[in-house]
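Asker: Now for the letters of each chain:
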Amino acid sequence: MAVKTTTPDVGDRFDSVVEVLAKANEPKTGDELAGIAADSDAERVAAKRALAGIRLETLRENPVVPADEDEVTRVIQEAVREPIYEEIKDWTVADLREYLVAMGTGEREIAAIRPGLTSEMIAAVTKLMSNLDLALVTSRMEVPARCNTTVGERGTLSFRLQPNDPADDVSNIVDATREGLSYGVGDAVIGVNPVQDSVETTTRILEATHEFIEAWDVPTQNCCLSHVTTQMDAIREGAPADLVFQSLAGTEAGNDEFGVDVDLLDEAHDLAQRRCVSSGPNVMYFETGQGAELSGDAHHGVDQLTLEARCYGLAKRYDPFLVNTVVGFIGPEYLYDGRQVIRAGLEDVFMGQLHGIPMGIDACYTNHMGADQNDIENLAVLLAAAGANYFITVPMGDDVMLNYQSNSYHDAAALWELFDLEPAPAFREWLAEMDLWREGRLTERAGDPTIFT
Amino acid sequence: MSADPESLTSVGIDVGTTTTHTVVSRLRVETPPGGAASPEIVDREIAFRGPVRETPLLDRETIDVEGVAAFVERDLEAAGLEPADVDTGAVIVTGETARRENAEPLVHRIAADAGRFVAAAAGAELEAALAGRGSGAAGRAADLDGVVANVDVGGGTTNVAIFEGRSDGRERGRVRVRETRCLDVGGRLVRFDGDGRIGSISPPAEALVEALELPLDVDEHPDHETLAMLAEAMADRVVDLLEGPPFDPLTRELAIGELPAEPVTLDGVVFSGGVGRLVDSPPADPFAYGDLGGLLAAAVREHERVRSWPLLEPAEDLRATVVGAGTESTTLSGRTISLEADLLPLRNVPVVDVGDLAGLGGSRLCDPLEGALARLRELHDLPDLDAVALAIENVGPLEYERLGSIADALVSALESVPPSLPVVVVVRQNCAKVLGQLLERRHDRSLVVLDELAVRDGDYLDVGTPITGHDSVPVVVKTLAF
Amino acid sequence: MASDSNPDSDTEPLEPTADPDSDADQANEEALRRIADRNPTRLGVGRSGPRPTTDALLEFRADHGVARDAVHSRVSDGLIDDLGLVELRTTVADTDQYLARPDLGRELDADSLERLERECEPAPEVQIVVSDGLSSSAVEANVPQLLPALLDGLEGRDISVGTPVFVEFGRVDVMDAVGEELEADCCVSLIGERPGLRTAESLSAYLVYGPKRGSATAKKSVVSNIHDGGLPPVEAGAELVDLIAEMLAAEASGVDLREDDREFRTE
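Chains as they are written, first to last, in my numbering: chain A, 43 to 495; chain B, 980 to 1461; chain C, 103 to 369.
Quick caveat, the hints were computed from the structure, so don't treat them as lab data.
Treat each hint with caution, since some may be false.
Stated by the list, open to error - So the derived list for chain C, only partly shown, Cβ under 7 Å to chain B, looks like this: (1) A138; (2) R140; (3) P142; (4) P250; (5) A251; (6) G255; (7) S262; (8) V263; (9) P334; (10) E337; (11) E341.
Even glycine gets a Cβ: it sits at the ideal position worked out from N, Cα and C.
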């Protein structure tokens, strides 16, 4: 779906905004598989140069998928606050980068322009930024969100505890929860991916995690990551959920592959606000990941980074509590190795925060990628330095249900120590009450799941 | 079959020494995720509880079969069910009633009347296990991740089932019965007539009366103190049963079946049964039930040893056995099995255990198979049976060539069995379909091969028709010990 | 991590040192062991400071190494010969390209197309395609047991089987190309699953009735999780016989065969 553009901004070497955006991307196998990547480094840099000169107005007026064909485009366009947009529409993408990295720019300055940005503008500037640029500007942004706990405040680093079990056995799920809490993780969410996408399983998992949270008075929230309609049915039948989850794509067709659309998400958000057992106000949880649209043949010839940005544009509509990219899950045909995964992780968290959504990351890889645990530990260090809101953690980094590896429960304490960070305040106090936290560190007692038996 | 393919309607009927009850339950079936797993019963919900009725007797030795049949019919009607709606379940005749002359025809008759696939069963060990599952003791063992005993004290017998709840000891996720211990001690062993005279003393109680030289006689007004002494002596036997070995000679005299050689450390004890439920709350009038039950319950409650036990609340007390029969008697076979569907259902199929074949090869594989079949012929008249079952504990490594040798040995051993008699082969390992395929290619006998089931020598099997959507058959593994 | 309690020291120990033989400690050890034993996840692994213990770390790396090797090693020629498979190749050049370009793993190269015509029986009822997929270890561990059970069982049902082939660098859908070329009634693909750290030896069988290039994933049936700890390969062979017989009788596969086709996973 090429976008016809008459704008001189694009330059004579490229035919459209879509093409410039795709070719300006850092190398990703997904863009190569789609046949839209730059053919050479020279062409890549030429595209970056062309992109640097494009005005934000051109990007606004040439969304990568036309508004009349795509509701995600409409959501993004309708969310723009016009007076702010008017002030910045003549900036080039290069101007935007320089504003972001400028000496005096902090959260206040970024918040001032945020409502005038579209996902395409954010994707564009990302393509001009180096890894250190991304880390630096991310560290300047502070996007907290509140459900039962508050995550994303400066000086804190939170973790999702992911106690998945390959048979959805709730006693095993509770065991893995015990172990995670004993390492001080779980303040972002105790979030379980079920194998079986049924109301019954979802209810069972929500009940077990909710009962555990109540019994031990843990200041956190639960979530069962089944399809949103399954969770909605479970909640309507009384299942105790703190958050409602859904995977998002950056196009209407991509969301159709996921079995959702904006109407359904609106309904889910409305139900979550009324029926979740948490105090809120942020009650939604979304996951995304570069390449999802291509794998569902719903990419419209658009590069995976730009589509990822549009996921955040959609997520923003629902004031989520948690959003994270599952960066290395999709496989080497989209992100080939550790280098591509690290780049994509930095891009995604930066883009999410620039959208104003509370962004975390599942820094992960599968066994058929050219990556290992060292790569995602590197990524964790970079993003902890950059101030991501949270990471996903699983026992010893090994998720035997989803069959991939992520950060370990152990990584939390190392990252807190490295960057002098702490868990979310209420959770930290609870850890102290449990004698698991003292003077900014885990105690000797930490790491023993039998504390919670 | 129930309208909902994911659930089975199951009936449980307990014809006991004192009372008879019926329950109807719904068993929800689910195949766990993962592709290789077999279906399991994941939820057991009781949909109907019939009233507790006195077991009707024609005389001291004869159960009123028509009377029991009428009760069951009325209960099913009250539950809104036709026998055709009942998918599975069990009728068990328990306690002293199992020893009545017509107990065996009774259970077969009631089972045939109650539904399409309802198993007839009897035997103290099975009774103990069902009571313990029904009372919730098995569930408590799982919750505690430990060892819990259920002590079911009824009118005629006391049946103990000890459950191994540790997850590493479970079979396909199900809490295992580690052992059972059964005793002829119950509240109905001494009955009183309307005037408070002793109406009858059953032989096991008589044995205690003689051993203690108590002045108790039929048709006499008993001395309260003397009755209390008898109840205390019974309570001593119950305590000894649970705490031994070593066992008192009197305990050994009253034991039903074998007593264990090793004592067990218990993490919990649950009392169930008509008398057992009174241990927690003895009746104000100990003679309210016209028997020794009230005094026995009080004696157990006051027993010094019992006070030191880690007692747990039962989920069911009076109806523990019938709830167990209704909700826990049916198990499911593995998913990949080999069937000739028109052979099913099969009822009352005796099991002989072939044992572990892992160490054997070639012609030596035939020996244990032929030995098992010889034992079967000794115990049963083959022409009287629906089918026979051979249980193979371990076939050895699951390799194609190896399974071919097992099939060869089976074919050769089965030559001695009439070709018209269906054979059920039960293996523990997940290999029923391939073994069935190998056997089919070798001869054309009627065959059912089932896997992922644990059965023992002397058990009987009832095998139902496949469950819709799950490629698995319901199986009741039971005993028929009268 | 036990801190020594020295009565002469001025500093108080962080934690009271427990008597290692105390009942409480033993009960705790026992509880921890049970949690570790009953869970398929890596629980109860302990820690050194904030980091995993050396043992847990190296065990993890060892399992990852096995999984990586399963992806990057090839099925041995010996096995292909022993099983009597005709060896074919897709248009993929090497492992790196195989991983990055799933599209190239769905089509046979020119030599293979020729070989297929020359050496394989045309128009069989069932065509068997073995591929290393993402785990050569899965093929090595399971196919030698699965294949004879499958072939014998099909023979027992009088179902004709074509010349089994091995396709190097094959994706699941290469069976569409093989089946279409040979005009087979149905095709079975035995292919290594993406390895996990728990097992690198899991095999899947995909089945399609009326193989045709580009046919939808939903038109395919699957039996997954085939390995010693899941569905044993011999039992899987017998199950495939039943499923193939059902497919041939119904002239359908995938969602057309069973609406609630078992949990479907793409590679």
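Asker: Would you mind marking each hint as holding or not holding in the structure?
Answerer: Results for each hint:
1. A138: 10 Å, violated
2. R140: 4 Å, holds
3. P142: 11 Å, violated
4. P250: Holds - the Cβ of P250 (chain C) comes within 7 Å of chain B, reaching about 5 Å at its closest.
5. A251: A251 (chain C) check passes; min Cβ-Cβ to chain B is 5 Å, inside 7 Å.
6. G255: Result: holds, 5 Å to nearest chain B Cβ.
7. S262: 17 Å, violated
8. V263: 15 Å, violated
9. P334: Check passed: Cβ of P334 (chain C) comes within 5 Å of chain B, closer than 7 Å.
10. E337: 5 Å, holds
11. E341: 5 Å, holds
The structure does not agree with the numbered hints 1, 3, 7, 8 stated previously, though it agrees with the rest.
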